Structures are given as structure tokens and as C-alpha cells.
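Peer 1: The primary structure of each chain is shown beneath.
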Amino acid sequence: MAIAERDATGRTGAAGASGADGRAGRRGRGSRLARLRRDWVLLALMAPGVAYFLVFHYGALAGNVIAFKDYVPFDGLWASQWVGLDNFRAMFGDPAFWSAVLNTVWIALLQLVFFFPVPIGLAMLLHSLTRDSVRRFVQSVAYLPHFLSWVIVVAVFQQVLGETGLLNNVLGDAHLHTVDIIGNPTAFKPLVIAEVIWKDCGWGTIIFLAALTQVDEQQYEAAAIDGAGPWRRFWHITLPSVRPIIVLLLIMRLGDILSVGFEQMLLQRASVGPDAAEVIDTFVYYKGLVGGDYGYAAAAGLFKGVVGAVLVFTANKVAHRLGEQGVYR
Amino acid sequence: MSSVPQSLRRTRSDRPRTAPRRPVRPAWVEQPRPATQAAKAVALAAVVLLVTVPFLIIVSTSFASNADVVAGGGWVLWPEHPTLRAYHELFDGGIVTHALWVSAGVTAVGTAASLACTIGLAYALSRRDVFAGKPILLLILFTFLFPPGMIPGFLLVKGLHLLDSYGSLVAPVLVNVFNLVVLRGFFQSVPEELYEAARLDGAGEWLILRRIVLPLSKAALAVVGLFYAVSYWNAWFYASIYLDSDHWPLQQVLRTYVVGGSQLADSSVGDASAVAAPQTIQMAVLVVATVPILLVYPFLQKYFTKGVLTGAVKS
Numbered sequence: 001m002a003i004a005e006r007d008a009t010g011r012t013g014a015a016g017a018s019g020a021d022g023r024a025g026r027r028g029r030g031s032r033l034a035r036l037r038r039d040w041v042l043l044a045l046m047a048p049g050v051a052y053f054l055v056f057h058y059g060a061l062a063g064n065v066i067a068f069k070d071y072v073p074f075d076g077l078w079a080s081q082w083v084g085l086d087n088f089r090a091m092f093g094d095p096a097f098w099s100a101v102l103n104t105v106w107i108a109l110l111q112l113v114f115f116f117p118v119p120i121g122l123a124m125l126l127h128s129l130t131r132d133s134v135r136r137f138v139q140s141v142a143y144l145p146h147f148l149s150w151v152i153v154v155a156v157f158q159q160v161l162g163e164t165g166l167l168n169n170v171l172g173d174a175h176l177h178t179v180d181i182i183g184n185p186t187a188f189k190p191l192v193i194a195e196v197i198w199k200d201c202g203w204g205t206i207i208f209l210a211a212l213t214q215v216d217e218q219q220y221e222a223a224a225i226d227g228a229g230p231w232r233r234f235w236h237i238t239l240p241s242v243r244p245i246i247v248l249l250l251i252m253r254l255g256d257i258l259s260v261g262f263e264q265m266l267l268q269r270a271s272v273g274p275d276a277a278e279v280i281d282t283f284v285y286y287k288g289l290v291g292g293d294y295g296y297a298a299a300a301g302l303f304k305g306v307v308g309a310v311l312v313f314t315a316n317k318v319a320h321r322l323g324e325q326g327v328y329r
Numbered sequence: 001m002s003s004v005p006q007s008l009r010r011t012r013s014d015r016p017r018t019a020p021r022r023p024v025r026p027a028w029v030e031q032p033r034p035a036t037q038a039a040k041a042v043a044l045a046a047v048v049l050l051v052t053v054p055f056l057i058i059v060s061t062s063f064a065s066n067a068d069v070v071a072g073g074g075w076v077l078w079p080e081h082p083t084l085r086a087y088h089e090l091f092d093g094g095i096v097t098h099a100l101w102v103s104a105g106v107t108a109v110g111t112a113a114s115l116a117c118t119i120g121l122a123y124a125l126s127r128r129d130v131f132a133g134k135p136i137l138l139l140i141l142f143t144f145l146f147p148p149g150m151i152p153g154f155l156l157v158k159g160l161h162l163l164d165s166y167g168s169l170v171a172p173v174l175v176n177v178f179n180l181v182v183l184r185g186f187f188q189s190v191p192e193e194l195y196e197a198a199r200l201d202g203a204g205e206w207l208i209l210r211r212i213v214l215p216l217s218k219a220a221l222a223v224v225g226l227f228y229a230v231s232y233w234n235a236w237f238y239a240s241i242y243l244d245s246d247h248w249p250l251q252q253v254l255r256t257y258v259v260g261g262s263q264l265a266d267s268s269v270g271d272a273s274a275v276a277a278p279q280t281i282q283m284a285v286l287v288v289a290t291v292p293i294l295l296v297y298p299f300l301q302k303y304f305t306k307g308v309l310t311g312a313v314k315s
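Same order as they appear, the protein sequences are chains A and B. The opening residue of the first sequence carries number 1 in the UniProt record's numbering; numbering runs sequentially from there. The opening residue of the second sequence carries number 1 in the UniProt record's numbering; numbering runs sequentially from there.
Accuracy of the hints is not assured; some may be wrong.
[Said to hold, decoys possible] Some chain B residues close to chain A (C-beta under 8 Å, calculated; not the full set):
| id | residue |
| --- | --- |
| 1 | Glu30 |
| 2 | Ile58 |
| 3 | Ala124 |
| 4 | Arg127 |
| 5 | Ile140 |
| 6 | Pro172 |
| 7 | Phe299 |
| 8 | Gln301 |
| 9 | Tyr303 |
To be clear, the hints were calculated from the coordinates, so they are not data collected in a lab. Since the structure is predicted, the reported quantities are computational estimates derived from the model, not experimental observations. Ideal placement from N, C-alpha and C gives every residue a C-beta, glycine not left out.
For reference, chain B alone in the conformation it holds in the complex (with noise of 0.2 Å):
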């Protein structure tokens, strides 16, 4: 099954170059300056350094010791002393650990719900000639052009009763119109002989959707349940306006004590003899909060260049 989702995506891949790029450049170009060469590499160095130092310096705060930030005039480059003080107090137990999971768990259910919905809109708004596909599509598109605005939004999720539970974190996003558009425009690339094939071997909708469909869109489902997933795990303006303290995900505890420069309470971070300097707290609570998108970025970005998400915006 693996060798069809390769093809299909080299009919929608960006060039259709019949070798791997060439390494060198091709006879006709001229032969490059060195001082554009060094200009290059210099705004290449500029970007990657620009986006991995400040990296850097939160997980070294966040190990340090406290003579290690009062040294460094609070940051670190590199810890002399690394401790993992911080992340003991934040993992003992408290806020920071009940947030943990209360995101995790939203990002869990919201994804899965969030995939389940798109999947089915996009399944059915792929067929051409489904039962008021059309003006259901344009009922969609139209909410991309004229959003319905925070105060009546607040105003339904308060009237349907869902202030302080968590399905207001994901009911009012449950269907995102790119991504549905994005899947919707793979979904629309399977050919549609294999429709013919399965519908003459009795498959029906179900089972074509299951069988054929969807193990073809690995691609596409991983990118959009990428985006889904961060989004649920980035959310926090919902969580600060339908949520009380008690039901706070990560990203708005993060905002309330790093961005807001709040201390965690006292009783939060066990024994006040042993805090550690605030700065490293805040700078582990960062960490904690960004690890799980770096721990799955590096097995999604492949499908970010293959065209997944150009070939349905150009739809």
C-alpha cells in the first residue's frame, strides 16, 4: 500500500524533475561571486542562530543554579551548575503539573474529535455530486469570510452551559475551514478508478473511506492533525475567558506566571526553603510547554515541503 501514496504524491509534488536535484549547478549559471556567496551564508547563519539562541538560553536557565542566573545577571548561556531543581518543583505536584495534563488531554480528545469531523466533511465535500454538497460547501467558505465575532461566540458558549468545562475549549473550534480545505483537496486527488474498483467490489462509502481513502492521505491527515494538535495545545485566550484557575491548561498558566511575571504561589511549588530562583521556574515552564512541538515537528516537517498544503490552497 505504501508504494501508492508515493506515486500520488509525486503527481502533486512541486517539480517534475525526473532525477534527484543536481548537486552542482547546471553549466548555463554563472559561477557566483564569493562575496555573494559570503552574503548567503551570513543571512543563512543569521536566521538559524536567531531562532536556536534564544532556545538555547531557556533550557540553560532553566538547569541552572541560583548562583548560576544571579552570576549571569539573570540568563544563562550555559550552566556551570546544573540542577534540576526547577523541574522537581514543577513536576511535585501543584499547578503546573494539573495544567500539564489538562492540556494534554484537551490536545488529545479536540485532535481526535476535531480529525474525526474534518474527515467526514472532507470525505463527503470531495464527491462531486453529493446531496447538497454545494451549498454546504458555500455555507463553510462563508464563515472564513465573515467570522462571527468574540462577544456573540462567548455569549453561545455561555448560553449552551459550557463556561468552566473543557468542551468549551474544543467545541468552538472543532472544524478548521483550512484545514478542511487542505483535505478536502487531497482527498479530491484519489483517483477516481479506484472509487470504480471498489464500488464494483461492493465496497460502500464506509469502507471505501476506511479502506482506500484514508490510508492514502497519511500525508495530509498528519499535517492536519499537526495543526490541530498544536493549536489545541497553544490555546489559551479560550481557557482565560470560559475557564476558572482551577481548569487552566499549560499555555495560560505560562502566560498568568512568565508573561505576566505573577510567583507561583507558595503552597504550588512545595517547600519555600527550596524554591529556586523564579527565573529558572519560569524559564522550565517555557520548556515544558514547548517540548511536546519539538518532540513531534521533526516527524512532521517532511510533509510541510511535498505539496500537501500548495496544492489545496491553490484549490
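With the rest of the complex left out, here is chain A (with noise of 0.2 Å):
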């Protein structure tokens, strides 16, 4: 019975009659089609989540060869002439792209330092708390703003750090300089820095909040009566509880790099021009839909999508080099 189980774990569909051939034949043309029919049910719940992917994304991945095209709406994705790599030496040679990759890694790099620390201090300090009432009232709080649009958030820090907002009208009243912070470029990256803290760093901590609840609390206990301090307990016992995760997010966040809160940019682009908040994506935005030069933009999309999938491979194989778990294996 223990050997059937475990042969049959997963699948227990071919348990019963057909359980012992079930798994000797797998690999057999016979039981492939006795595996279809078996499975159809299933295949048919999976039929619509899978026309989805070949179609949206799928179907949209191969529209990519416009990239390599001299895109005409007129003609069409397939009649439009063919250009090699015209578009991507175009791009390389356009210093309006490569203030968009500036800009991009600058701010996301900002991110890195700035605000992804925040979610990690706020989850210890939670986790630090005695009273659960006042730890899951702080939660239900600080998670709020995630669930907000970004449209939202933008609105919301208008109105409180804007011209007319609530902080130039403290300032006025109190008759102190007001500040010039919405609609000024040169205020305008730390402002961003600002508005993904406000939105998503009570949301950042839900997963390290989850592996500082993992610890067992007699290691603490442990390393206490050995005469660990404070410090030396959250040196030698928190931080390496949550390190898995921090490596685990900093992949993903460097596979990320390059596109850093397209919405948020777009909707603050026009406030404080191109050379402050030109990203990639909003660049594409702007080079094609906007421009209507597809061809163009589609290439820097596709390279935005390269590179992003090449910098996650790498830092997952550094993380394996390192003995960390990863995003995959």
C-alpha cells in the first residue's frame, strides 16, 4: 500500500484498476493516449487559462519581430518591410534613449538603497512588538496603501505636498519658506523614492514578517541564557532567518531594474518633463503609441525585455554560487 501511495501520489486518478500499469507504461505511446483520455477533463478546465498565454503572450511575443521591421499600420505586422537591426542602431544612437536607461537604473538603484530596507526594518520592528492587537491594527494600516492606484497615490501626495497642498499651507501659515516639490525635476527622484515607501513598504513586509514568525523562539531562548544580547541575538538569528528572502527578492527586484513603475512615471512625466522622468517603458509609450514610430519603440522594448531576463539568469546562478536557494532551480 506505501509503494502504490507514493507511485501514485499527485495522480491518484489511475488508482484502482488501472493503478499498477499506470506507471510502468507512462513512458508508452499506449498509455500517453490513456493518459488523454484519462486526463480530458482536466485538459478542458486548462483549455481557457492556455488559449490566454498562447494567445496574449505568446501571440504578442512573436509580434516582436516588428522590432526588425519598418512598421507601417497601412500595410500591416506581416507586409511591412524588413530592416534588420536599422531600428536597434537607431536606438543605440539616440541620446534620448540612453537618458532613459539613465534614468531608469538611477532610480531603481534609489529604490535599492532607499526603500528596500524599509519593508525589512518595519516587519522587525512589528515582529518585535508584544501586543498583537496594536501589531495587526499597525498591519491593517500600512498594508492599505498597496491596494491603491497609482493614480491614487500620485493624487494623494499632490494634495498634500503640492503647491496649494497641506504642507506649503502649514509652511505659509507658519511663515517659513514654502517648498517647490511637485512639478520640480530636481525634487522629483526622491519624491518617487517616497511614493513606492507611502504604497508598498507596509505591503513589502507580509514575507519577511512570515520568516520571522518561522524562527523558533527557543533558539532565541537559547542564545539568550547563553548570554546573547539583543544584538547579538538579531545578528545571529534574525538576519539569517530572512536572508533567503532578501536574496530571493533582491533577484528578483534586479531582474526588474530596468523597468521601474511605468505607471507612476507616465503619470508624472508631463509635471517634470523627459530628462527627469523619462524611463524605458514610458519612453516606448511615448516613441510608439504616442509617436507612432512601432518599429522603433518595439525595439527598445524587446531590448528592455533581454536584458531583464539576462540579469535574472545571472543573478540566480551567482545566488546558487553562494549556497542561496534562488528564484529557481
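Can you join these two chains into the complex? Each is in its own frame, and there are hints to help.
Peer 2: Rendered as C-alpha cells:
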């Protein structure tokens, strides 16, 4: 019975009459047909979802060929002229493109330094609370902004920090200098980071809190009895327990380094101008959907996709070298 | 039936605790210094205030009278003469009312369609030996690593003649890979014995899914459903590129008239002489766009801490 169970874990459909031969003949042709017949309900359940991925992901992925074409809407995708790498050549020679790349990487790095550690710290603070009711209340409040759209978040920031907003009214009432934050290109990058922190630092704590609660309390107790103070317990128990998660999130962040908050940037680009707010995604948007230069914009998008995939792949390899779990094996 | 999910959840819960968390600190922990305690309290208060105060201002301003707004210089912390005028004007028909219906409809239909497709995929892919399961899973996970890009996506939607139809807000984002992984992870935790027992009783896949797996996965379904609903409710970018302004959902209206600073057209807000200050109207739109989320949030947030998400993230 134990063996049969192990054989049939996952799929017990073959249990019963065909249980014995289900595994032996799995590689055979007949059994494939048998499995197909056996699984048709499951396949039917999957069909709409699989069709979605084929059409809207792989179909669209195939559409990237226009990066190698001079796309003319009137001619359509297939009749447009092949131009080889012309779009890429134009792109690499375009200072506007490099400015967008620079902005993207710059904002991503600022986020890494100033946003990434905040949820870790907040999670540790929340975890250290002894009163569950307080912790749960703060958690509920802090998660909330994650569920608001970027439109709302940007509107809230305008309302609080804008020219006629809360902050400037308070400063004005106190006869202090008002500050010019919204619509000011030099203040834009700190503003963007502040918005990300406001929206997502609470939500970001979830995964760290889960890791922290998994630590066996006895480890802390044993360490304390051996004379380890709060800092040493933090350094030797708490920190190692969240390290795999930190590595995992860093890898995912790295793969995403070329796509920083597209909606967030698009919403505010008009008020500060492209020099401060153009990132690769908005570059693609303005070149392609606004400017109509589809082939060129698709080339920039494809560049971003390829670099992102290579970065994730590399980071995952490095993580494995360092003995971490990484994202996938 | 409700006792089973409880026990299920406990097996995948975060902490192997035997009793509820002790309200007092264990004996081996040093008594914290007052300075530390105070610093913590300040930090927590700051977090709570930073989130709540902007909301308070927005809600207050939306209820404020014109005089309040002028006196406050554009914003109001507590309206002296509260009025519903801004809301009357918004709901008098016109752009915002229409957009509200669009958003509600897209959210309802989209969430239902997404949940159905995600459940189908997650259930089939949670069975280890399913025909073609491995290649299909890889096919799907690869899209996570390499998204297709904005321009090809736009041309595809255009090619499928979905422009200016509400389908363009749902079809291109039908299944979210993260939600799929969460749900699949949860389905996989359903004990194998339940399948065997059901099968011995003659139940087919369809019956097992409906009568055993789905009732056991209410927590995960609630979370995934919330994620879908929120993303449909909050979506504006696709609306801005796929739809003309007659089809706009609420967030796109909000984007244009609040973030973009355009005035709502006079025709949309009724009698121009009775118009409330633009500030209050803008804030009222903001409130209308936020309230549905505030309403469902308390019912669902308890699931977030229950390991529903993190269990899947780890796998």
C-alpha cells in the first residue's frame, strides 16, 4: 500500500483498476493516449487559460518581429519591410534613449538603497511588538496603500505636497519658505522614492514577517540563556532567518531593474518633463503609441525584455554559487 | 466543512505555536529600556498617521463647502459646513456616474472570468501527473521571465479588433502568473487522501474540484479574487490606450481630471452656477474611487497574514 501510494502521489486518478500499470507504461505510446483520455476533464479546465497564454503572451511575443521591421500600419505587420537591425542601431545612437536608460537604472538603484530596507526594518519592528492587537492594527493600516491605484497615490501626494497642498499651507501659516516639490525636476527622484515607500513598504513586510515568525522561539531562548544580548540575537538568529528572502527579492528586483514604476512615471512625466522622468517604459510608450514609431519602440521594449531576462538568469546563477536558494533551480 | 480549512491552514501556518501568542514577554527577554519603547511608539504612530492623515484630508475636503475650501487655502482638515454638493454633482449623471458603472462592470466580469480561468489552470496543474502538465507549466512560468512588451501587446489587441471594447480591459490580463502560483500551491496542499476517498465514491474531477477542493480553498480564493478585483478596479493605463473617452472607467477619469488637472466639462456637472469648488469635486472623485477598496479590505485582510501567500511564494 505504501508503495502504491508513493507511486500515485499527485495523480491518483489511475488508482484502482489501472493503478498498477499506470506507472510502468507511462513512457509508452499507448499510455500517453490513455492518459489523454483519462485527463480530458483537466485538459478542458486548462484550455481557456492555456489559450490565453498562447494568444496574449506568445502571440504578442511573436509580434516583437516588428522590432526588425519598418512597421507601416497601413501595410500591416507582415507586409512591412524588413530592416534588420536598423531600429536597434537608431536606438543605440539616440541620446534620448540613453537618458531614459540612465534614469531607469538611477531610480532603480535609489529604490534599492532607500526603499528596499524599509519593509525589512518595519517587519522587525512589528515582529518585536508583544501586543498582538497593536501589531495587527498597524499591519492593517500599513497594507492599505498597496491596494490603491497609482492614480490615487499620485493625487494624494499632489494634495499633500503640492503648491497649494497641506505642507505648503502649514509652512505658509508659520511664515516659513514654501517648498516646491511637485513639478520640480530636481525633487522628482526623492519624490518618486517617497511615493513607493508610502504605497508599498507596509505590504512589503508580509513576506519578512512570515520568515520571522518561522524562527523557532527556542533558538532565541537558548541564545539568551547563553548570554547573547538583543543585538547578538538579532545578528545571529533574526538576520540569517530572513536572508534567503532578501536574496530572492534582490534577484527579482534585479530582473526588474529596467522597469521602474511605469504607471507612476507616466502619470508624472508631464509635470516634470522627460529629462527627469523618462524611463525605458515611458520611452517606449511615447515613441510607439504616441509617436507612431512602432518598430523603433518595439526594439526598445525588446531590449529591455532581453536585458531583464539575462539579469535574472545571471543573478540566479550567482545566488546558487553563494549557496542560496535563488528563485528557481 | 468549516473545521477542515481551519486545520489545513494551521498546518501551513507560520508558527508551530501550541498556545496563542503570550501577551507578556517571556522571562528570558530583557526588559526593554523606556527610550526603546518610546522610539517604537513614535515609529508606529508615524506609520499610522502618514497613511491616515492624507485620507482624512481628502474625505474632509470632499465634504467641505466652498467657503471652507477658500478659508483653508485649498484643503480642509475638518469641514465647518459639511455639504454633499460635490457628490450630488458627481452622481447627477454625466462622466463620473458612467465611469463608475464601467468600472464596476469590468471589475465584476473581469474578476469572475479571471478566477474561472485561474482555477481551471491551477487545479489541473496542481495534479502532478496530468497530461502535458510540465510543459504547460514551463510555458506559463516563462512568460513571467519574459513579458511580451507594450507595443506588440497593443498591436495584438488592435489586430483582434478589441479596441474601444471593454474586452480589451480583461482579455490581455486574464490570468496573472503570480495568482496562478498562489492558487496552485494552495490546491497542492489538499491532502491526497481526500482525492482517493472521493474517487472511491465515484466522483469525477469536476465534482472533486467543486465539492472538495474549492470549499477547502476559500481563503486562497478570497485573496486571489481580491487581487484580481483590485487590479481591474485600479486599471487605467490599458483604458487610456485601448478605449476612447466614452468608454473610460473611473480611474482614467480620475487620472485626467485630478492628476492631469483638466476641468470636468460643464455639461457633466449640471448647473454651472451651483458648481462646487473644483477642489471638492476632485476629492469627491478620489473618494468614490477609493471607497470600494476600503469596503472590501477589512473582510479580506485577515487572510494576508495566514500564510496563504507566503506558502506559495516559497514554492
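Peer 1: All hints, please: hold or fail.
Peer 2: Against the structure, the hints come out as follows:
no. : hint   : verdict
1   : Glu30  : 7 Å, holds
2   : Ile58  : 6 Å, holds
3   : Ala124 : 4 Å, holds
4   : Arg127 : 5 Å, holds
5   : Ile140 : 6 Å, holds
6   : Pro172 : 5 Å, holds
7   : Phe299 : 12 Å, violated
8   : Gln301 : 5 Å, holds
9   : Tyr303 : 11 Å, violated
When held up to the earlier numbered hints, the structure conflicts with 7, 9 and fits the remainder.
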